[in-house]
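Undergrad: Hey, can you piece these two chains together into the complex? The hints should help.
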Amino acid sequence: MQILHVEALSHSFGEREVLRNLSLSIDAGESVALLGANGSGKSTLLRLVAGLLMPTAGQIALVGSAAAAGRTEVGIVFQEARLLPWRTVLRNVTLPLELAGESLTTARATAEAALTRVGAGGLLDRSPSEISGGERGRVALARALVRRPSLLLLDEPFAALDAITRARLDDELPELVAGAATLLVTHDVAEALLVADRVLVLGSDGAIQLEVPGLRGQPSTGRRAALLSPDGAARQTRLYGALDSVPHA
Amino acid sequence: MRRLTQLTPVAVAALLLAVWEVAVRTFAVPQFILPAPSVIAVRFAEAWADGTMLRHLLPTVTEVMIGGLLGGALGLVMGITLGLSGSARRVVSPYLVAAQSTPILALGPVLVLWLGPGLAAKVAVCALITLFPVAISTLVAVRDVDAGTLELMRSLGATRWQSLRYARLPAARSGILAGARVAATLAVVGAIVGEWLGGTAGLGVLLNLARGSLFDTPLLFADLLQIAILGVSAYALVLLLERVLSRRIA
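Protein chains in written order, with the working numbering: chain A, 60 to 308; chain B, 1172 to 1421.
Careful, some of the hints might be misleading.
Claimed, not checked - Okay, the calculated beta carbon distance ranges per label pair: (1) A:Q61 <-> B:Y1266: 47 to 57 angstroms; (2) A:G181 <-> B:L1188: 54 to 64 angstroms; (3) A:A116 <-> B:Y1266: 42 to 52 angstroms; (4) A:A226 <-> B:V1181: 52 to 62 angstroms; (5) A:S162 <-> B:L1408: 30 to 40 angstroms; (6) B:L1408 <-> A:E231: 41 to 51 angstroms; (7) A:A120 <-> B:R1331: 19 to 29 angstroms; (8) B:Y1266 <-> A:T115: 32 to 42 angstroms.
Said to hold, decoys possible - Residues of chain B clear of chain A, computed beta-carbon distances all greater than 10 angstroms: (9) P1201; (10) I1204; (11) A1207; (12) S1258; (13) A1270; (14) L1276; (15) L1323; (16) M1324; (17) R1331; (18) V1353; (19) F1386; (20) D1387; (21) F1392.
For the record, the hints were derived by calculation from the structure and aren't laboratory data.
Don't be surprised by glycine CBs; every beta carbon is placed ideally from N, CA and C.
With the rest of the complex left out, here is chain B (with noise of 0.2 angstroms):
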């Protein structure tokens, strides 16, 4: 019965890629507005042979792993310190909300113009879209530990870092790892976005590239493919975090 249902997600895409292939053959789609799934393995596979696709991937996971750990990163201090402080929080939290509510998507165009169309810009969009939900998840993950447990380490005659350390930071682990899950996924849209407005490799320059100059659509959707890739890999990899912490209970 697992086993059956480890074998549904891999049966239901199967199934899809097949009506997909026989819709686009039967209908006789033209190549340029929807490839079959055999035209884009194909592409994708060329595209890996002759070096396109690594030329493009290696700047975009650059991206992704900077901006990624470094909005990370600002986002975990920032969440402590607005968990901690009940003053901090009420200072900074409307603001929060206020740059969490504007699309940060929308501010690539800005970056770009401060930081020019290097690796620069791209990261700042990366860790601009990873902070937000790092921030807020760890946040209320460390503001909301159990009173118990801390009434517990007061008692113990815990300080304030003892407490931070040994009690609200592994009670918070599960949220923030949730956030950061969320963060993962982001990082590659950020980083996609970012190669939009302007650069000259990575996964987004590609789709450009492939849309436009090349007009070669089955490129386009191997380009897809590498992204999605990209995006499960990165959030594969804070599962991976995940793991490797909730092993270590002490």
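One chain only, chain A, in its complex shape (with noise of 0.2 angstroms):
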């Protein structure tokens, strides 16, 4: 079944056209990641998608329908964690809960479910300062899964974190989601072929210019092995050299 259908979708501001004619499918379940160069269009077309920008031209079509911001279909992984300071980690993931009209005692308790599968069970009565870099990402991933939507958008969500946390997260992400469909866009090539069962190019002219098989298919305690093996070096090099032929902004 397919979740997400985009056609001939183009997108500008002003006079920049960022994206150009994008055409890509995402079927129930699977990963895509998106690489990009900085002002490729990557952030747009999540946007586009969560229904947070509306496009100068083409279709969208979630579970059938055409995209509007705040569907629970889908769920969306800023940059930052954007959690809100004034609440607790708790009741930052009980909080897409609450907007829709649930009580807050049922709330609370999907949420501390959410908090938990995410490994983050630990800290639901702190507050968002007193938490790390990696603790807020999960939990702003547990935030955009308590609803279970049939689709994540992943807006680089581990990039400001330190390397050892990021690669952990990544190794994670694949169990994580709880079968969600992902989109993840991302500037690193390892990241990507480790979460996403298909990995993308987004050419300067705005459109996908190289799709790659992902490892995500392996088996957790194999992907960065296979990452290392012949195979997956070759994946990265024709990454690389697609990225390369990219010109950056």
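TA: Next comes the structure, spelled out in structure tokens:
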């Protein structure tokens, strides 16, 4: 079943066209990574799919109907965790449910389960200022997953983290997303290959330039080894080659 | 070290009062020009003992409370409305700035003319003088909420009202309370000036009485001390409110 179908999508900011005639589909449970240079339109694509921007041209169908802001089928994790500092970790994760009109008691139970699933079950009553960057990333992930979305949009969610924390979260991500289809945008070739079934490169013309299979299908313990195998290295080389041909902003 | 820092303001005040006391006695300054702190303290105690101070304090406190709350509430509503609506801001902001540039105190006689010399005119002066700092600080705080937070709220399907309740107002809290702190002390100024324009009781009336018909300079200073205590208390009340709200991390 197709969760996301993007057809001939174009988007401009004033005179500047960032996406041109882009088409893309994601099936239920599938994970797709989108690589591209700065300013190539990766984050714009996520905002269009999330309904936060209106496309200049083209169609976006989410589970069969048009994209719109706030649809429960979509969860989004931004580059920064964007936790509300006046709420505890638990109440940050109950927020989407409170907005949807759920009672606080039900919301608390659901949010607690989501936090436990992403390995942040011990942080419930902590303030966002009291937890580490990696923990904030996990909490933001739990908030995006708490409404059980069919599609999870990840906008370089771990970019600001240190290398060790980032590697750990990359390793865990395929299991943490709990069956949701994912669209991850990143600059990091290794991250893209580790978490995705398919890795796409966004070209300078605003359309998909290259598609390479990812390593998500491998068992979690073997993914990093696969990344360093001759086949993994060849995939990385192709992706780096495609990225090198894109002029950087 | 911290204890020393806490003691410093008290020590400075004690030193200033001692210098004042010694200077007045040494140079034999007439009491009707500048009474010594000890004389003021005695007169302050007397005014409390014979009920003078309480009789004049209660109307002022009433004016400050009603006027401050009314002005604060109107300022909050105005600030939120203008903070949320760019078009309302463009239309109203020039008038808001113009109104803030007009000395509210100069409007006092007009307000007395319209509302009479009773409570209403004094409450109106207090309300007008507190409205603007609260309105401006609320406008800025509500308008300048982090764009990322607002985008997050949109991505979660928040309505305009939900964004205000769950994001804008909590994020704007410290900005709004900064305006309220300024307004709290201004409310006392508004009440005193309102009382100068007419009336039979209030700390402002007592100032006029002590200076004019009674010619009681120690009472004048005792009244000033009481006004300062009232201003500090109003400020402390807002600080207490800030503490209570900051503890309410959900």
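Undergrad: Against this structure, judge whether each hint is valid.
TA: Verification of the supplied hints:
{"no.": "1", "hint": "A:Q61 <-> B:Y1266: 47 to 57 angstroms", "verdict": "55 angstroms, holds"}
{"no.": "2", "hint": "A:G181 <-> B:L1188: 54 to 64 angstroms", "verdict": "55 angstroms, holds"}
{"no.": "3", "hint": "A:A116 <-> B:Y1266: 42 to 52 angstroms", "verdict": "43 angstroms, holds"}
{"no.": "4", "hint": "A:A226 <-> B:V1181: 52 to 62 angstroms", "verdict": "56 angstroms, holds"}
{"no.": "5", "hint": "A:S162 <-> B:L1408: 30 to 40 angstroms", "verdict": "35 angstroms, holds"}
{"no.": "6", "hint": "B:L1408 <-> A:E231: 41 to 51 angstroms", "verdict": "50 angstroms, holds"}
{"no.": "7", "hint": "A:A120 <-> B:R1331: 19 to 29 angstroms", "verdict": "27 angstroms, holds"}
{"no.": "8", "hint": "B:Y1266 <-> A:T115: 32 to 42 angstroms", "verdict": "39 angstroms, holds"}
{"no.": "9", "hint": "P1201", "verdict": "57 angstroms, holds"}
{"no.": "10", "hint": "I1204", "verdict": "53 angstroms, holds"}
{"no.": "11", "hint": "A1207", "verdict": "50 angstroms, holds"}
{"no.": "12", "hint": "S1258", "verdict": "21 angstroms, holds"}
{"no.": "13", "hint": "A1270", "verdict": "32 angstroms, holds"}
{"no.": "14", "hint": "L1276", "verdict": "37 angstroms, holds"}
{"no.": "15", "hint": "L1323", "verdict": "5 angstroms, violated"}
{"no.": "16", "hint": "M1324", "verdict": "8 angstroms, violated"}
{"no.": "17", "hint": "R1331", "verdict": "12 angstroms, holds"}
{"no.": "18", "hint": "V1353", "verdict": "23 angstroms, holds"}
{"no.": "19", "hint": "F1386", "verdict": "55 angstroms, holds"}
{"no.": "20", "hint": "D1387", "verdict": "51 angstroms, holds"}
{"no.": "21", "hint": "F1392", "verdict": "44 angstroms, holds"}
Hint check: violations occur at hints 15, 16; the rest are consistent with the structure.
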